[in-house]
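Chains A and B are the protein sequences, given in the same order. Each residue of the first sequence is one higher than the one before, starting from 1 at the first, in this note's numbering. Each residue of the second sequence is one higher than the one before, starting from 1 at the first, in this note's numbering.
Read the hints as simulated data drawn from the structure, not as lab findings. For glycine and all other residues, C-beta sits at the position ideal for the given N, C-alpha and C. Do not take every clue at face value.
What the hints assert, rightly or not - With a straight-line Cα cutoff of 30 Å, these simulated BS3-like cross-link-like pairs (lysine-lysine) come out:
id, chain 1, residue 1, chain 2, residue 2
1, B, Lys280, A, Lys246
2, B, Lys280, A, Lys49
3, A, Lys278, A, Lys261
4, B, Lys245, A, Lys81
5, B, Lys278, A, Lys49
As the list claims (entries may be wrong) - In silico negatives: residues of chain A with every beta carbon more than 10 Å from chain B:
id, residue
6, Val14
7, Ser17
8, Asn20
9, Arg43
10, Lys94
11, Ile98
12, Thr122
13, Trp175
14, Lys241
15, Tyr276
16, Thr279
17, Phe304
There are 2 protein chains.
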Amino acid sequence: MEFELSILGSSSAVPTSLRNTTAQVLKAFERFFLIDCGEGTQRQMRIYKIPFERINNIFISHLHGDHCYGLIALISSLGLKNRTSPLHIYAHRKLEKIINCQLDLLNVRLPYEIVFHEIDNTKTEVIYEDKRIYVTAFPLKHRDIPTSGFLFKEKEHLLNLKKDIVEALEIPIAWRPRIARGEDYIDSDGKVYENNILTHTRKHSKSFAFCSDTAFTEKFIDTIKDVDLLYHEATYANDNKDLAKKYYHSTAEQAAIIAKKAGAKKLIMGHFSTRYKKTKMFEDDARAIFKESYAVNDGDKFSF
Amino acid sequence: MEFELSILGSSSAVPTSLRNTTAQVLKAFERFFLIDCGEGTQRQMRIYKIPFERINNIFISHLHGDHCYGLIALISSLGLKNRTSPLHIYAHRKLEKIINCQLDLLNVRLPYEIVFHEIDNTKTEVIYEDKRIYVTAFPLKHRDIPTSGFLFKEKEHLLNLKKDIVEALEIPIAWRPRIARGEDYIDSDGKVYENNILTHTRKHSKSFAFCSDTAFTEKFIDTIKDVDLLYHEATYANDNKDLAKKYYHSTAEQAAIIAKKAGAKKLIMGHFSTRYKKTKMFEDDARAIFKESYAVNDGDKFSF
Chain A
1 MEFELSILGS
11 SSAVPTSLRN
21 TTAQVLKAFE
31 RFFLIDCGEG
41 TQRQMRIYKI
51 PFERINNIFI
61 SHLHGDHCYG
71 LIALISSLGL
81 KNRTSPLHIY
91 AHRKLEKIIN
101 CQLDLLNVRL
111 PYEIVFHEID
121 NTKTEVIYED
131 KRIYVTAFPL
141 KHRDIPTSGF
151 LFKEKEHLLN
161 LKKDIVEALE
171 IPIAWRPRIA
181 RGEDYIDSDG
191 KVYENNILTH
201 TRKHSKSFAF
211 CSDTAFTEKF
221 IDTIKDVDLL
231 YHEATYANDN
241 KDLAKKYYHS
251 TAEQAAIIAK
261 KAGAKKLIMG
271 HFSTRYKKTK
281 MFEDDARAIF
291 KESYAVNDGD
301 KFSF
Chain B
1 MEFELSILGS
11 SSAVPTSLRN
21 TTAQVLKAFE
31 RFFLIDCGEG
41 TQRQMRIYKI
51 PFERINNIFI
61 SHLHGDHCYG
71 LIALISSLGL
81 KNRTSPLHIY
91 AHRKLEKIIN
101 CQLDLLNVRL
111 PYEIVFHEID
121 NTKTEVIYED
131 KRIYVTAFPL
141 KHRDIPTSGF
151 LFKEKEHLLN
161 LKKDIVEALE
171 IPIAWRPRIA
181 RGEDYIDSDG
191 KVYENNILTH
201 TRKHSKSFAF
211 CSDTAFTEKF
221 IDTIKDVDLL
231 YHEATYANDN
241 KDLAKKYYHS
251 TAEQAAIIAK
261 KAGAKKLIMG
271 HFSTRYKKTK
281 MFEDDARAIF
291 KESYAVNDGD
301 KFSF
């Protein structure tokens, strides 16, 4: 279990007594990534036991309040906790101004630095990378609001060499890391040995994709291909297809079509319109297309 | 029961899993007044069944985040509900800039008007008045942060005339409303009848005072004299007197001294430091001075 996703909010636009607005925490190889930060996210982290002082990187999909109003309070609270390490925030460039105008006017002096990383919401590009994982932002389609989805993907594993063959061919030590990274081997006589006869099948690299908010669009399907866990917004069920279209949101059925076309292993849906008191309808609509579809609740955790 | 106070938050600085940051709603003669608005207040209103679209007047004691971070989300949600009637906010003048910079940068267009009323936090003055109630702001003492407490007071009732005396003296009709308002009666011969022999005792005007955040100060005691319900912050118990002094907050004992000196009928305390898991200690400290002292929890309601 290298990945664990915690759902901190699953309501769209406004909170309800049971659902907060959007925020999720992905724990991946002991790193805690916060994705979106609706109002009240810091309290949800306390309720669901996320060590919020361990969050170093925050990704904001777009600048609608239900995805970012909780940031200023979280930032302030981290200051009260005497944080000193930098906090990295990846978002549309306007977010920096929004945060800074509040910090300035409220005379909040933080004991740590906020490093703002501008996302170009028109591009598919890697915006974060470390030894074990990288994050790709990709454009979503949400009215005229610049919006990005995020793919969190484990880096490719090194290939395990087939010991018996490597020894039989007396492959020099210096060559072995190169073969593990995927190169073919060329011996001193110039003979080429294809990588796949020297190595075992590569271990699967885990991934999670976050797609919210968005109207139905297939444009990012190649980017999230074969994802293990796909979160796709489903603001409406099929009874309100017209509203989904009007407001640039998706239905559960549309989320399932994306999951199926992307070859996802599992689909989770959230960002439910407050008009729905129950979510069975979402699962019914989605499962008619893609069996492994689930409507989330606040506090749900998904490990893989 | 003309007054009902709902506690929406009772934690200081940051929320805990059990307590949100400061916000209270006073329902008085079917008006709903919001006092302070920590992050997540709109959700607390949903949880505790406050009809938040009926709030027309919001009073903000000071511009620390735990007393105002929830405003922008509440304002936005009222817009999503297609509110059209104006929303009045009483606060330090900087709040207008803080709200407007967010609305501007986030391109939020509200379908209603926000009317900002500047509080001069150095003065004791009436800042709101209608037919039944008026609100007086008075200075608190909270470091260099301009901070006001609020007294919500029912307007004085007209005096009931003693029918038999009024008739015996043949007091003219035109004089009677003047006497009901408290004037002495002077008959056509110039003889003066003192008001108190013509009228019954005036019916008590109910009141509620909100005092947070503040270090111990007796300066506002005359303003809140004989208050029915006093909310006074008690960030610390007696075990942390030194911290109360250092951070310009109060202890439970100090809150009780204020309640006693003001002749309050009941004291409720909140804004507890997160270091305290239980509040019995606050009640013990306070009751040694003032018996009717209570530590609040989120969701508590007080009717009077």
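Hint by hint, here is what the structure shows:
no.	hint	in the structure
1	B/Lys280 <-> A/Lys246	violated, 54 Å
2	B/Lys280 <-> A/Lys49	holds, 25 Å
3	A/Lys278 <-> A/Lys261	holds, 27 Å
4	B/Lys245 <-> A/Lys81	holds, 20 Å
5	B/Lys278 <-> A/Lys49	holds, 20 Å
6	Val14	violated, 5 Å
7	Ser17	violated, 5 Å
8	Asn20	violated, 7 Å
9	Arg43	violated, 4 Å
10	Lys94	violated, 5 Å
11	Ile98	violated, 5 Å
12	Thr122	holds, 18 Å
13	Trp175	holds, 56 Å
14	Lys241	holds, 21 Å
15	Tyr276	holds, 15 Å
16	Thr279	holds, 18 Å
17	Phe304	holds, 27 Å
Violated hints for the displayed structure, listed by number in ascending order: 1, 6, 7, 8, 9, 10 and 11.
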